[in-house]
Amino acid sequence: MPVKALSLHITGIVQGVGFRPFVYNLAVACGLTGWVLNASDGVHCVVEGPPSTVDAFPDALCGNAPPMAVIERVVTEEVEPEGFSDFGIRASQAEAGAMTLVSPDIATCAQCVSEMSDSDDRRHDYPFTNCTNCGPRFTIIADVPYDRPTTTMRDFPLCAECLAEYEDPSNRRFHAQPNACFRCGPRLYLNIADHASVTSEDSWRWTPECEVAPRPHRDPEAERARTNAILDTVVEALGEGAIVAIKGLGGFHLACAAGDVDAVERLRARKHRWGKPLAVMVPDIESAAAYCVVGEAEEKLLTGTVRPIVLLRRRADANPAPAVPLASGVAGGLAEIGVVLPYTPLHHLLLQRFGGPLVMTSGNLSDEPIATNNAEALTRLGDIADLFVLHDRTIRSRYDDSVVRVVDDLVEPVRRARGFAPHPLTLPFHTDTHILAVGPEQKNTFTLLKGGHAFVSQHIGDLENAETLTSFEETIALYQQLFRVEPHIIAHDLHPEYLSTKWALESDLPRIGVQHHHAHVASVTAEHGISERVVGVAFDGTGYGEDGRIWGGEVLLADWVGYERAAHLRYVPMPGGSAAVKRPARMAIGTLASLGLLEHPGAAPLRSRLVAGEERTLLAMLEHGLNCPLTSSMGRLFDTVSAIVGVADDARYEGEAAILLEACVEPGETGSYEFGWLDAAGPGEPAIIDSAPVLVSTLDDVAAGLPPGVIAARFHEAVVRCIIRIGERFAYETGTRYVALSGGVLMNRIVLGKALRGLRDAGLEPLTHKHLPVNDAAVSFGQAVVAWARRHDA
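If you count the sequence shown from 1, you need to add 201 to reach the working numbering.
Worth flagging that the hints you see were computed from the coordinates, not collected in a lab. A virtual CB, placed ideally from N, CA and C, is assigned to each residue, including glycine. Hints are not guaranteed to be accurate.
[To be verified] Below, a list of computed lysine-lysine pairs in the BS3-like style, where the Cα atoms sit at most 25 Å apart:
1) LYS971 / LYS955
2) LYS477 / LYS783
3) LYS971 / LYS501
[Said to hold, decoys possible] Between beta-carbon pairs, the in silico distance windows are:
4) HIS993 / GLN294: 33 to 39 Å
5) PRO252 / ALA414: 48 to 54 Å
6) SER404 / GLY847: 56 to 62 Å
7) PRO259 / HIS473: 52 to 58 Å
8) ALA667 / ALA423: 39 to 45 Å
Using the sequences and the hints, build the whole thing.
This is the structure we're talking about:
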């Protein structure tokens with residue numbers, strides 16, 4: 202009987218997703234012999250058997266791959282048969298310089314949840330249950346190939362029962378690297394803050410001495426009893442208003458009862474998080490639907506394998522009524538609530554016991570990175586949390602929760618982190634030049650380009666302190682190690698004071714500076730594989746312009762290499778610079794004074810709310826040009842209108858004034874204001890989008906006593922019409938049908954949704970992000986693409 206042998210090299214996300222067990226079982230089912238192994242560059246296997254069966258094997262492999270696997274390429278080569286007697290999984294092979302993709306963390310699967318709920322199962326109530334289909338992945342990986350010795354599970358030697366599962370091809374824990382149980386796996390600890398009145402057993406307390414290597418095996422029943430006692434103590438404390446720090450997959454959460462007004466306010470005060478909405482974890486989809494409107498796409502997100510925080514619209518009715526009303530301090534008067542379902546075994550166990558909704562927010566002091574290790578959390582969160590639920594599995598990579606929302610059936614990333622990163626974007630080109638793009642200052646991410654992939658990092662945060670900069674540096678080092686990237690070029694923002702820019706300028710590597718809004722537009726077009734010149738609308742709060750001014754209301758005719766500034770929002774002064782960002786009332790006074798509108802009757806309410814002497818000081822600054830940089834920012838125009846109508850004189854967090862203005866929009870209002878248009882003063886000069894007519898109409902309506910919701914609706918419609926007008930005008934002039942939309946202003950659900958529909962109705966093709974947030978988190982990807990296009994200039 203003829204025998205054929207075939208060698209296969211499979212690349213993509215094929216490690217950490219049960220791929221070797223899948224290949225093993227498929228080969229055995231097909232009656233083939235040979236072997237499979239993990240390597241630094243993917244998965245390799247050899248199958249041997251009847252020619253027809255061997256020839257069909259690659260298609261069967263691609264067509265039946267595990268659900269979390271992403272096969273990018275299968276390279277086959279016929280080889281000489283060796284007469285294998287069976288099929289086996291061989292030891293992994295590390296190869297210097299070789300790279301494979303790594304799976305993001307995966308939410309706990311239904312089978313594992315069922316086991317935790319089964320009193321007869323040995324993993325009943327085990328808070329670290331996982332299998333090949335779920336559990337920690339990227340947050341525990343130290344290197345590739347992905348095997349237990351290269352993860353932080355290396356300190357937990359498998360017990361006999363777990364080892365038997367690990368070696369059993371018919372078991373879904375066959376080669377599950379984080380496999381563990383009460384006997385051999387990670388365990389919970391409970392530490393009580395000095396200021397808290399809760400009591401607990403001393404034996405539950407974590408100290409550094411607990412983390413010996415290797416960890417000892419323990420009595421399962423004693424461990425189960427200990428775990429349940431810890432959970433019962435935590436649940437009781439939550440019910441009494443306690444704030445609990447909980448160690449998760451990529452860092453700590455701070456939790457409290459979401460229906461407890463005092464607990465929520467206490468959490469805000471201790472965390473220094475004023476105004477910004479808090480995420481809420483609920484036990485199931487029915488609970489989510491009691492608070493919010495949950496569409497089909499949103500339900501899939503909430504219950505899927507990633508389980509991000511999903512921004513959902515509040516219910517206008519009370520049907521079904523939630524069992525526990527949310528405290529007003531959770532999300533204030535905003536129309537959306539960030540909702541997440543349990544995604545770790547510990548979450549499931551807590552929510553099963555507590556029942557009601559929990560605030561689940563990042564475990565940090567505002568503006569700092571989240572805490573990841575036990576000692577760090579006890580120090581940094583010591584004045585915030587009353588209790589600390591700790592465990593002894595080391596977190597290798599720091600991760601926040603991802604945040605998404607659905608706009609017109611489009612799943613829009615708001616923060617890309619756990620569950621999505623480090624899944625790469627596929628480039629529309631192949632590069633042998635490795636590029637590191639370090640991103641902007643706010644909502645920082647970095648991007649590494651290699652081959653056909655763009656590795657866009659998880660959300661790092663705002664690079665405004667040493668702690669976040671350290672996290673930035675550590676994460677770059679990890680990505681470079683895992684994905685075997687040695688940058689040849691560094692791309693950076695033009696702003697000389699950004700910490701990311703300063704970091705790049707200290708490098709000896711060739712550097713390419715990329716204008717902020719050009720990077721925004723390039724990030725959109727590169728996601729869609731469009732390298733030609735397009736109309737780019739980049740509306741945001743702040744971006745350093747090539748004229749040294751603060752841009753943010755930009756119309757760019759751009760490809761990946763360069764751009765022409767075709768138009769921009771009218772320049773207005775920012776009294777006090779960054780101080781005007783934090784106080785929209787200050788921004789409004791500067792804008793109205795510069796346009797000669799301060800004496801308009803509609804400005805009187807705003808002026809009356811200023812503190813004594815404030816207007817005099819601001820006008821003096823404007824008169825003498827003292828710290829009053831000019832800006833073309835659309836974000837600052839939103840701030841100005843918000844202050845004029847009395848929605849927000851101050852902003853406690855970035856974008857708050859614009860968010861509150863969006864939240865107060867009157868849905869039934871159909872009126873609109875209109876921007877003016879000033880044609881270019883000469884060749885090479887940009888046209889000016891004049892905000893003065895919009896502001897006059899706003900002031901007229903304030904003076905007439907119209908409700909803020911009506912005025913906000915008319916202003917939003919004006920911005921939408923402005924975007925459509927831009928698209929129609931410049932697409933016609935440049936001969937393109939593409940209009941790329943990017944920048945933080947496009948986070949506005951109303952503006953983005955209506956602009957997309959309006960541009961399509963005009964016969965144009967709007968482009969917005971598919972995989973990245975529309976805000977500054979996408980800038981590093983755009984920087985990298987522009988640097989690649991300009992690589993020969995470095």
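Consistency of the hints with the structure:
1. The hinted pair formed by LYS971 and LYS955 meets the criterion: a straight-line CA distance of about 17 Å does not exceed 25 Å.
2. Annotation: proposed proximity of LYS477 to LYS783 holds, straight-line Cα distance about 14 Å (limit 25 Å).
3. Simply put, LYS971 and LYS501 have alpha-carbon atoms about 17 Å apart, close enough for the 25 Å limit, and the pair holds.
4. Judged by the Cβ atoms, the range 33 to 39 Å given for HIS993 and GLN294 holds: they are separated by roughly 37 Å.
5. Hint check: PRO252 to ALA414, Cβ distance near 50 Å, so the stated range 48 to 54 Å holds.
6. Between SER404 and GLY847 the CB atoms are about 57 Å apart, so this pair conforms to the stated range of 56 to 62 Å.
7. Judged by the Cβ atoms, the range 52 to 58 Å given for PRO259 and HIS473 holds: they are separated by roughly 56 Å.
8. Distance hint for ALA667 and ALA423: a CB-CB separation of about 43 Å, consistent with the stated range 39 to 45 Å.
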